[in-house]
Structures are given as structure tokens and as C-alpha cells.
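The primary structure of each chain is shown beneath.
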Amino acid sequence: MIRFAIALVAGSIFGAGLAFSGMSDPARVQGFLDLFGNWDPTLAFVMGGAIIPMAIAWLIQRRVEKPFADTQFSLPGTVNIDGKLAIGAVLFGAGWGISGLCPGPGLADLAINPLPALAFVIAMQTGMAVHRVTN
Amino acid sequence: MLAAFPHAMPVEGLIGGLMIGIAAALMLLGLGRIAGVSGLAARATGIADSGAPRNIAIAFIVGLPLGAFLVSLATGGVVTRFPPSVIPMILGGLLVGFGTRLGSGCTSGHGVCGMSRLSRRSLTATAIFMASGFATVALMRFGGLL
Numbered sequence: 001m002i003r004f005a006i007a008l009v010a011g012s013i014f015g016a017g018l019a020f021s022g023m024s025d026p027a028r029v030q031g032f033l034d035l036f037g038n039w040d041p042t043l044a045f046v047m048g049g050a051i052i053p054m055a056i057a058w059l060i061q062r063r064v065e066k067p068f069a070d071t072q073f074s075l076p077g078t079v080n081i082d083g084k085l086a087i088g089a090v091l092f093g094a095g096w097g098i099s100g101l102c103p104g105p106g107l108a109d110l111a112i113n114p115l116p117a118l119a120f121v122i123a124m125q126t127g128m129a130v131h132r133v134t135n
Numbered sequence: 001m002l003a004a005f006p007h008a009m010p011v012e013g014l015i016g017g018l019m020i021g022i023a024a025a026l027m028l029l030g031l032g033r034i035a036g037v038s039g040l041a042a043r044a045t046g047i048a049d050s051g052a053p054r055n056i057a058i059a060f061i062v063g064l065p066l067g068a069f070l071v072s073l074a075t076g077g078v079v080t081r082f083p084p085s086v087i088p089m090i091l092g093g094l095l096v097g098f099g100t101r102l103g104s105g106c107t108s109g110h111g112v113c114g115m116s117r118l119s120r121r122s123l124t125a126t127a128i129f130m131a132s133g134f135a136t137v138a139l140m141r142f143g144g145l146l
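As given, the protein sequences belong to chains A and B, one line each in that order.
Quick note: the first sequence uses my numbering, first residue 1, plus one each step.
Quick note: the second sequence uses my numbering, first residue 1, plus one each step.
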């Protein structure tokens, strides 16, 4: 129950941050990616702002045995850089540029602009399901 | 320098970014998990078999629109400018869904959580998806689609 509550609070703060920072606006995200247009640097500030607390969190993580509400850390240990990582990132970046949305903002926008966001989220889940079936 | 970009929102961006980072830190230090939205979304809908417990994934994913809704209420509305056509949403969504699963993460998992951990995989993935995003939008601009 406490873990469910923590995840809900974390998701809500995350979604609030996306909306407050302008990252739930597809045109603003696309504006960051539009180097040859009316470039909008906002996304760089968001990324910088997000990395600061997270970098501190990693420093703390190394000094504690377990998370405060769970029995162990469950972190990805994969190290090799392979074709899947690269091709996946190329495809994701293309979809990000075309729509101006990545998974977080797409889901957050369900509460702000439900119809186009729902089209994106359904397509995203379909893409994930296609990956599941083909891999 | 920022005066050259009057439409930018550096202060809101930084504050919103800090909120995102604090949320990711809470997931890491509270539950021992990466706040990777693509992975949690796949887990919440059952597309992924492994990863966070399903109720944790569902709670985080439900929180995203909830938090955005609260900001919208508190600030009197959040601007979202979508393309007039649904086609970019469908095409973009398919590529984002397939690509994030194949590449094991998105802007949150690789970009925020992985880069701050100095993970070579995440640094590589982020460099590639950013480059791909820049290239895609450049093609759209020169192709008259923007």
C-alpha cells in the first residue's frame, strides 16, 4: 500500500513537472528539435533541472543498502551497446520528432488534451505490442 | 543569450525539470526502481512481463495525467499545441512505442535516470535519439511539413 502510494505520488509529481515545464506541449518539444526553425531551448533547462536531483539521488543510492520502502534495488545492469539499443533510439527519436511527444508527455496530456493524446497513446501501446510479438 | 529566444521558458523549464528529477529520485530511493515511463507503461498494460510490480507501474502511470491535471487546475490551464492532423500522432506513437521497447528506454529512463547515473548505454541512446529527433524535424522542415 505504501509502495503504491509512493509510486502514485512520484508519477503525479513527474506529470506535474512535465505540464509545468511546457514539455506537455508538443509544439514546444518540436521547437527544441527544430534547429533550422524558431529554436526553443526550454527542453535543455528541463533536462538539466531533472538531472540535478537525480544525480544526487544516485550518490545517496551508492551509500544505502536498500530503498526506504522496499527490500532491494532493482536496477538495470545491462552494459553492452548493441544494434537494438541504437536502432530503437533512432526509431524513438523519429517518432518523437514527428509527434513532439515521448511517452511521459503523451500520457500526461490525456488529462489536458484527451483526444489527440489518446490517439498517440493507443498508437504507442500498439507499437509496444508489435515489438512484443516480433521479438 | 536567452534574449534571442523570447518564446523560451527557462524558469518554468528548470522548476518543472527539478520536479521531474525529484519524482525520479523518489522512485529510486523509495522503491529502488528507475522512473522509466516507457518501461512502466508497458508493464502497466501487461505488454512487458518483467519489471516493476504491476500495481506500482499502474500507480506511476495514472499519476502522470493526475499531476498534469492538478497543474492545469492550479495555473488556469496548460497550453498544448497539437498538430491539426491525427496522422503524426499515430505514426509518431507507433515509432515511439516500438523504438522505446527495442532501445530499452525513453527520455525519462535513458535521458534523466541513465544520464545522471553516467550509464554508457543511456548516454549513447540519448545521443542517438536526440540526433534522430533533430534530423527528423529538419527533414520535416525542409520537406514543408512544418
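Treat the hints as calculated values from the structure; they're not laboratory data.
A virtual CB, placed ideally from N, CA and C, is assigned to each residue, including glycine.
One should not assume that every hint holds.
In the SDA-like style, the derived pairs of lysine to any residue whose C-alpha atoms are separated by at most 25 Å in a straight line are [unchecked claim]:
no., chain 1, residue 1, chain 2, residue 2
1, A, Lys84, B, Leu139
2, A, Lys84, B, Ile90
3, A, Lys66, B, Ile22
Covered stretches of chain B, as calculated for chain A (at least 3 residues, CB under 8 Å) [unchecked claim]:
no., segment
4, 72-78
5, 101-108
If you only want the chain A side, here are some residues facing chain B, beta carbon under 8 Å, derived [unchecked claim]:
no., residue
6, Met23
7, Asn38
8, Ala50
9, Ile51
10, Ile52
11, Pro53
12, Lys66
13, Gly77
14, Gly93
15, Ile98
16, Arg132
Do the hints match the structure? See the list:
With a CA separation close to 24 Å, the supplied pair Lys84/A and Leu139/B stays within the 25 Å bound. Between Lys84/A and Ile90/B the CA atoms are separated by roughly 23 Å; this keeps the pair inside 25 Å, and the hint holds. Restraint check for Lys66/A and Ile22/B: the C-alpha separation of about 18 Å stays at or below 25 Å, so the hint holds. Note: the segment 72-78 of chain B has 3 residues with beta-carbon separation from chain A under 8 Å; the three-residue rule is met and the coverage holds.
Look at the segment 101-108 of chain B against chain A: 7 of its residues bring a Cβ nearer than 8 Å to a Cβ of that chain, three or more, so the hint holds. Interface restraint check for Met23/A: the shortest CB-CB distance to chain B comes to about 7 Å, inside 8 Å, so the restraint holds. Nearest Cβ of chain B to the Cβ of Asn38/A: about 7 Å, under the 8 Å cut. The hint holds. Annotation: Ala50/A was flagged as interfacial toward chain B, and the flag holds, the nearest CB pair being 4 Å apart, inside 8 Å.
Satisfaction of the interface hint for Ile51/A is found here, the shortest Cβ-Cβ separation to chain B being roughly 5 Å, below the 8 Å cut-off. A least Cβ separation of about 6 Å between Ile52/A and chain B falls short of the 8 Å threshold, and the interface hint therefore holds. Of the supplied interface hints, the one on Pro53/A holds, with its beta-carbon coming within about 4 Å of a beta-carbon of chain B, less than 8 Å. Restraint check, Lys66/A versus chain B: the minimum CB separation of about 7 Å is within 8 Å; hint holds.
The restraint placing Gly77/A at the interface with chain B is violated, with a minimum CB-CB distance near 10 Å, outside the 8 Å limit. Hint on Gly93/A holds. Least Cβ distance to chain B is approximately 3 Å, under the 8 Å limit. With 8 Å as the threshold, the beta carbon of Ile98/A comes within range of chain B, its nearest partner Cβ sitting at about 4 Å, so the hint holds. The interface hint given for Arg132/A is met, as the beta carbon of that residue sits about 5 Å from the closest beta carbon of chain B, less than 8 Å.
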